[in-house]
Amino acid sequence: MTEIRPIAGNDKVVFYPVTHSQAVKEFDTGVTKAIASSPTEIFNLLKSDIATWYGEQIPKTIKMQSPDGAVFLVSIGDDGKLAVTKEGDSDGNTTSN
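Here the working numbering is used: position 49 in the sequence shown is 1352, and no number is missing along the way.
Just so you know, these hints were derived from the structure itself, not from any lab.
The reader is advised that the hints may include incorrect statements.
Pairs of lysine to aspartate or glutamate, DMTMM-like flavour, derived with a Cα cap of 20 Å [said to hold, decoys possible]:
1) 1350 with 1306
2) 1389 with 1371
3) 1350 with 1371
4) 1366 with 1331
5) 1315 with 1344
6) 1350 with 1382
7) 1328 with 1306
8) 1363 with 1392
9) 1363 with 1352
10) 1363 with 1331
11) 1363 with 1344
12) 1366 with 1329
13) 1384 with 1329
14) 1336 with 1314
15) 1366 with 1390
16) 1384 with 1371
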């Protein structure tokens, strides 16, 4: 594993750079595998952050957009399974894992 080290500016103040997921090789592949293998566990890890982000109002659905621009609604059932529905799809087609 790569050693994590702080960076210091000319003024000797230590800082850590901010980056983005595209800068991390194969980040999306690793995250997708982790979420697919245990979505409930991942949700529980993020639950307190999600509550903070939404002012204690945890959303029942999350709107996400695919790379080609299609919009999907993602929700999680009481059994911990994710359900994905294409926005505007009125015939009830749902994909779940």
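Under the constraints set out in the numbered hints, which ones does this structure not fulfil? Hints 1, 3, 5, 10, 12, 13, 14 and 16 contradicted; others consistent.
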